[in-house]
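Residue numbers (the numbering used here), protein chains in the order written: chain A, 1 to 262; chain V, 263 to 570.
Hints were generated in silico from the structure; no laboratory data involved.
There could be a bad hint or two in this list.
[Unchecked claim] Okay, derived cross-link-like pairs now, DSSO-like style, lysine-lysine, Cα gap no bigger than 30 Å in a straight line:
(1) Lys-466(V) - Lys-24(A)
(2) Lys-561(V) - Lys-144(A)
(3) Lys-149(A) - Lys-420(V)
(4) Lys-453(V) - Lys-24(A)
(5) Lys-132(A) - Lys-561(V)
(6) Lys-565(V) - Lys-132(A)
In case you want the letters, here they are:
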Amino acid sequence: MIDNNHINLKTKISVENFNLFYGKFQALDNISIDIPSNQITAIIGPSGCGKSTFIRSFNRMNELIPTVRTEGRIILDGKDIFEIDPVELRKQVGMVFQRPNPFPKSIFENIAFGPRAHGIRDRRILEEIVEKSLRQAVLWDEVKDSLTKSGLALSGGQQQRLCIARALAVEPEVILMDEPASALDPVATLKIEELIEQLKEKYTIVIVTHNMQQAARASDFTLFFNMAENRAGYLVESGKTTDIFTNPKNELTEQYISGRFG
Amino acid sequence: MIKDISLSKKHNAVIDPVKNLRKRKNTQNIAFAFIWLAGIIAVAALLFIVGYVVSNGFKVINLEFLTTRPAGGVSGKGGISTTIVTTVYLVILTLAIAAPLGIGTAVFMVEYTTEYAGKKNFVGYLISLIRTSVEILAGVPSIIFGLFGFAVFVSYMKLKFSLLSAGLSGACLVLPLIIRTTEEALLTVPKSYREGSLALGTTKWQMVFDVVLPSAMPGIITGIVLSVGRVIAETAVFWVTLGGSYRLPKNLLSSGRTMALHVYMLASETRAFDKALGTSAILIVIIILLNLAINISSKQFSKKFSGK
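When you get a sec, could you build the whole thing from the sequences and use the hints?
Structural data, given as structure tokens:
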């Protein structure tokens with residue numbers, strides 16, 4: 001896929017002829033795309049077209065399903081991710097899920113969990129990481145006096161920001177977000193979008209979204225996925241978000257963003 | 263075209279809504295009466311048993327009864343001090359053996375073998391074999407565990423009638439209970455916790471130990487407390503593995519007598535039926551306290567987790 005818009009940007013992740021199968025069922029068909037560094041890349045497309053499957057390939061979460069098989073390469077900073085140990089890879093490529101999933105632990109323990117798992121024991125360093133991560137996730141002012149409270153006592157939007165803070169605490173380079181605002185109300189959604197905008201300074205962000213306004217508002221680049229009756233999820237069109245939404249090259253893209261199917 | 267059946271007036275003419283309602287209410291009243299009756303009979307029977315044992319038993323309970331050792335003989339003289347201590351020893355020993363084994367087995371089955379479950383290979387067969395064995399073991403009468411313990415630990419391994427033989431046999435008895443309760447507790451831990459942990463770059467073991475097990479803890483503790491109750495209440499297994507000495511056990515290879523065993527021996531071999539009832543009353547009180555402990559601890563845990 002040739003895309004002039006990407007030329008001036010450093011590539012963070014490069015996907016080359018990627019296919020994915022669940023047993024005999026093919027879910028992704030020959031996807032090649034470069035994901036630019038320190039930008040927000042949104043993935044849109046109708047339900048079941050493999051958007052989530054695609055980003056879950058970047059941190060190899062698909063491998064938790066035993067029947068999954070992949071072909072092709074995904075290159076992160078010049079290294080094939082399938083040659084990196086998944087535990088090591090997931091430290092570099094963090095993930096935020098569709099439904100907020102804080103652990104049934106205190107707010108502090110939720111954030112400290114990752115760094116602790118990676119060997120940091122010093123209480124003072126952990127406290128610093130917790131504060132820094134919560135500040136980055138714009139949650140610090142709301143929870144600084146109740147760090148010992150359970151993460152599950154927060155509101156849905158706060159829980160999702162807690163999960164983002166938890167992902168930030170292990171200092172990843174890429175953050176994958178799988179419809180992070182789909183379970184939230186409009187106000188909480190807007191907060192998450194503002195937060196994502198701030199995060200791109202330090203992180204490369206790939207976000208799956210069902211909400212086209214969200215993709216238009218909150219992303220720099222957009223990938224449009226689709227599937228057909230006898231074709232697995234494939235990449236229809238990619239480019240700068242403004243171009244995709246104002247001047248789509250493919251007829252399907254135009255139909256999808258104008259709400260005629262999907 | 264689908265016909266809207268509510269529009270056809272024919273049926274309405276046949277059914278009188280007032281009569282119909284009265285008839286349905288009558289059916290409900292009869293059903294309620296039976297359900298209430300069943301509930302009242304069951305509760306009354308239980309209360310009668312507990313009331314009989316406790317009210318008769320408390321006549322013999324005093325400080326002396328609790329602090330002197332049984333004296334033996336046909337008259338059943340003495341108290342129950344050593345049997346209390348032996349019971350505590352045996353509970354600790356049994357659970358020290360059964361809890362790690364049972365929890366480990368459940369973790370193995372739930373966390374480490376999902377990808378093999380139902381597959382036609384060695385691990386797949388092994389898992390379905392473990393599952394079936396656990397289910398069968400849970401339904402085996404306790405005396406059979408006793409006979410097994412007698413044959414293997416007491417005779418073959420030459421551990422004699424001892425705390426160790428009884429602890430090992432008791433562990434076999436409560437193992438299925440611990441495995442099943444732990445397995446159920448692990449299965450209720452949401453998949454999103456596991457994914458959340460792995461996505462942070464933890465190993466699978468870190469995920470199991472730091473996220474899954476703590477979340478499953480209320481269920482696991484319930485299983486362990488139920489096992490404590492099972493060991494306290496058990497007679498058949500310990501009858502054939504612990505011996506019956508009323509002395510205080512000195513080490514793991516000493517024989518001994520638990521409270522439940524003491525009740526059995528007092529009732530079957532002495533004339534001291536009142537003392538059997540007294541010991542039973544204390545056993546019942548302990549079981550009630552254990553159940554209270556389960557309720558309180560699981561409430562505490564859910565409070566802590568929900569953060570309210």
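These are the hints, each one checked on the structure:
A threshold of 30 Å between alpha carbons decides the hint, and for Lys-466(V) with Lys-24(A) the separation of about 27 Å falls inside it, so the pair holds. Between Lys-561(V) and Lys-144(A) the CA atoms are separated by roughly 27 Å; this keeps the pair inside 30 Å, and the hint holds. Distance hint between Lys-149(A) and Lys-420(V) is unfulfilled; the C-alpha atoms sit about 55 Å from each other, more than 30 Å. A threshold of 30 Å between alpha carbons decides the hint, and for Lys-453(V) with Lys-24(A) the separation of about 25 Å falls inside it, so the pair holds.
Note on Lys-132(A) and Lys-561(V): the hinted pairing is violated, with a Cα-Cα distance of about 34 Å set against a maximum of 30 Å. For the suggested pair Lys-565(V) and Lys-132(A), the alpha carbons sit about 29 Å apart, so the restraint of at most 30 Å is met.
In summary, the structure is inconsistent with hints 3, 5 from the numbered list given earlier, while agreeing with the others.
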